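Engineer: Spelled out, the chains give:
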Amino acid sequence: MSTTNPPLPEFDVDPRAFRTLADAQMGVELDTGDMILNLGPQHPATHGTLRLVVRLDGERVISADPVIGYMHRGYEKLVEFRTYPQITTLINRIDWLSSFANEVPFIDAAEKLMGVDAPPRAQYIRTILTELSRISTFVLFLGEMGLQVGALTPAFYGFRDREHVVNLIESVTGGRFHPNFNRVGGLKDDLPWGWVNETRTVLKKIYDACDVFEDLVAGNEIFAARTKGVGIIPPEIGAAYGVSGSNLRASGVDWDLRRDGAPYLVYPDLDFKVWTHPDGDSFARYWVRLQETRESCRMVLQLLDALPSGPIMAKVPRIIKVPAGEVWTEVENPLGQMGYYVFSKGATGPFRVKIRSASFSNVSILPWMLRGVFVPDVITILASLYFILGDIDR
Amino acid sequence: MSSSGAGAGSRSSLTDVTPPDSGESPEATTSTVVEAAAEIPDPHALDDAHAELLARFENELGAGVLDTGKAFGMPIVRVQRTEWRRAAEICRYTLECDFLSFVAGVDWMPAPKEGGDDAGGDTSSPVQPTETTYGVTGSDGRFQVFARVQSTSRNYGITLKVDVDDDALLVQSWVPVYPGADWHERETWEMYGFVFDGHPALRHLYLPTGFEGHPLRKDYPLLSRVVKPWPGLVDVEAMPGGDEDAAAEPAVAEPAVAEEAS
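Protein sequences appear in the order of chains A and B. Going by this note's numbering, the letters in the first sequence line up with residues 55 to 448, in that order. Going by this note's numbering, the letters in the second sequence line up with residues 1304 to 1565, in that order.
Everything labelled a hint here was simulated from the structure, so no lab data went into it. Just so you know, not all the hints are guaranteed correct.
[Claimed, not checked] Pair by pair, the computed Cβ-Cβ distance ranges are:
#, chain 1, residue 1, chain 2, residue 2, range
1, A, Gly-426, B, Ser-1456, 37 to 43 Å
2, B, Gly-1365, A, Phe-213, 54 to 60 Å
3, B, Asp-1370, A, Arg-214, 39 to 45 Å
4, A, Lys-369, B, Val-1529, 28 to 34 Å
5, A, Arg-372, B, Asp-1443, 55 to 61 Å
6, B, Asp-1370, A, Gly-87, 52 to 58 Å
7, B, Gly-1365, A, Ile-116, 43 to 49 Å
8, A, Glu-113, B, Val-1529, 27 to 33 Å
[Said to hold, decoys possible] Taking lysine-lysine and the DSS-like style, the derived pairs with C-alpha atoms no more than 25 Å apart in a straight line are:
#, chain 1, residue 1, chain 2, residue 2
9, A, Lys-375, B, Lys-1521
10, A, Lys-327, A, Lys-131
11, B, Lys-1521, A, Lys-282
12, A, Lys-327, A, Lys-259
Everything numeric in this text was worked out from a predicted model, so none of it was measured. We treat Cβ as the ideally placed atom computed from N, Cα and C, and that holds for glycine.
Sequences and hints are given; from them, build the entire structure.
Structural biologist: Right, dumping it as structure tokens:
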């Protein structure tokens, strides 16, 4: 097979011909039609199956339309077919990075309707595990946000440090991501032996890791250039869209349901600071979450010092039958306001549950936010809003 | 059920064998009931900020308020259909409720059990009462839309409800007041079929385009349970050591409320 390609026929090239051709192209009106770019549904920057249909004019976004529902599991329908103790298994899967925090408001709703109060020790352990969920969620964010703007190293730190916290949660509940640990009236088990000291050690690690993230990511010039002034949410617009949690506090709104909402768990007994940032841009959202991680570490240390002894379950009937009525419970989840509006008709299961998840409203502002930004900033804004697809699609 | 509270969640219902609202018991017990009420505060009572919010809202909307109630410290107002958007405007611009929590719908019809509970299909789900009852502020018909707004500066919130006409299924949209109502109303539209008057584009949000039916309505079956009966009860076999009684009766049949775990 030693065939050779035939040689090209000889021809003369007139250099002026090309110049004329180029001139002809320059002379006509440039066609700058809009381009439609599909981000997702499987895009590394979208944390799951969020699809963004972005209409572009050059590098600039004209309009963006998030297409959700690829992971819709219909929890609001499914819970109508289950009993109260079964439902905690489902709602674990709403925001899977902070599953324990999802269970708390729902159990709180059932307990309010039944008139049951969980014993103090159970309340303390719930608060500790809720704050640990917040830490594990935020530490992952602190690393992953770096990844989204092009820095690979912080992501490894984020996963490494989260592992410590997830191991703690696993050693109490038996589940790394889906603990299903809350019961109506208390908790499934008590803390294991030696857990408190182990937690103190881990909290010190996390607290030090926050300094690393502050230097490595927040103190990085490139990171600041990519995030400062990008994706600004004005406070009044954010609130009208239902944006909550750290995203709203990064816009200067001093509103935290742990302090300002109806009292729940043992937050009224805790001494903590609510962090806000006046800028409202992507950097502010990063900075607020960084401070809140530290604040959560301080809170858990306070809780461990004050942890009372006693039972972990209140006296409840063997079969949970919730009296008729309706109740709204809301808590400050890592991603924002999480709430359940439960209608009960006196059966073993709820009649209707409205699940108010934080990411759903946080992402609904995207069409407003993305108008006019550049394509690379789209990724930064998505990352800084920090949503979980299960929390959007429910 | 239109009165507020309606005995829901009263703290004596757990330990007492008799339901709390059986007031026609002998007079001797009334004194103890009064004592119990004195030491346990009403769980539904509004604090000062919420009571003031409710009073101001009623004052602003006037005749548009159909009914008011409260549930666990949360004021609930049922407004007239024609005043739904004005209620939102009052909340946002007068009462400083700048934060939209959610907009959602509810179907008060009991889920039909075709052929009874033992006609195959789903036997494991909780049995709901078959009579139609409504929430705290009542309802005119089968469908309601309810929404919650809150204030980030004054730390209060209010739940608003509006009845939906069973024939027209038309509700005023909140999008001009709260832009965040956009997605919530799209979800409610596809889940219940309510049309929001004034919404810019009622497109499917979760469900695929062209989906037929309204899944959160009570007469829409949970298809997975229709196709295949829930295997949970089938799998239950008697333990080798006996315990036939526990296996024979389904877990949902007439639970003993007074029975307590140790």
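Engineer: The structure should be examined with respect to each hint, and the outcome stated for every one.
Structural biologist: To see whether the hints hold, each was checked on the structure:
1. Between Gly-426 (chain A) and Ser-1456 (chain B) the beta carbon distance is about 29 Å. The supplied range of 37 to 43 Å is therefore violated.
2. Restraint check, Gly-1365 (chain B) to Phe-213 (chain A): a C-beta distance of roughly 58 Å satisfies the suggested window 54 to 60 Å.
3. Look at Asp-1370 (chain B) against Arg-214 (chain A): about 56 Å separates their beta carbons, and that is not inside 39 to 45 Å.
4. Look at Lys-369 (chain A) against Val-1529 (chain B): about 39 Å separates their beta carbons, and that is not inside 28 to 34 Å.
5. The hinted window of 55 to 61 Å between Arg-372 (chain A) and Asp-1443 (chain B) is violated, with their beta carbons roughly 39 Å apart.
6. Our hint of 52 to 58 Å for Asp-1370 (chain B) and Gly-87 (chain A) holds, since their Cβ atoms are close to 55 Å apart.
7. A C-beta distance of roughly 44 Å is found between Gly-1365 (chain B) and Ile-116 (chain A), which places it inside the suggested range of 43 to 49 Å.
8. Under the hint 27 to 33 Å, the C-beta atoms of Glu-113 (chain A) and Val-1529 (chain B), about 50 Å apart, miss the expected range.
9. Taking the CA atoms of Lys-375 (chain A) and Lys-1521 (chain B), the gap is about 21 Å. The hint holds against a cut of 25 Å.
10. For a cut-off of 25 Å, the pair hint linking Lys-327 (chain A) to Lys-131 (chain A) is broken: about 38 Å separates their Cα positions.
11. Taking the CA atoms of Lys-1521 (chain B) and Lys-282 (chain A), the gap is about 49 Å. The hint is violated against a cut of 25 Å.
12. Taking the CA atoms of Lys-327 (chain A) and Lys-259 (chain A), the gap is near 21 Å; set against the 25 Å cutoff, the hint holds.
The earlier numbered hints that this structure contradicts are 1, 3, 4, 5, 8, 10, 11.
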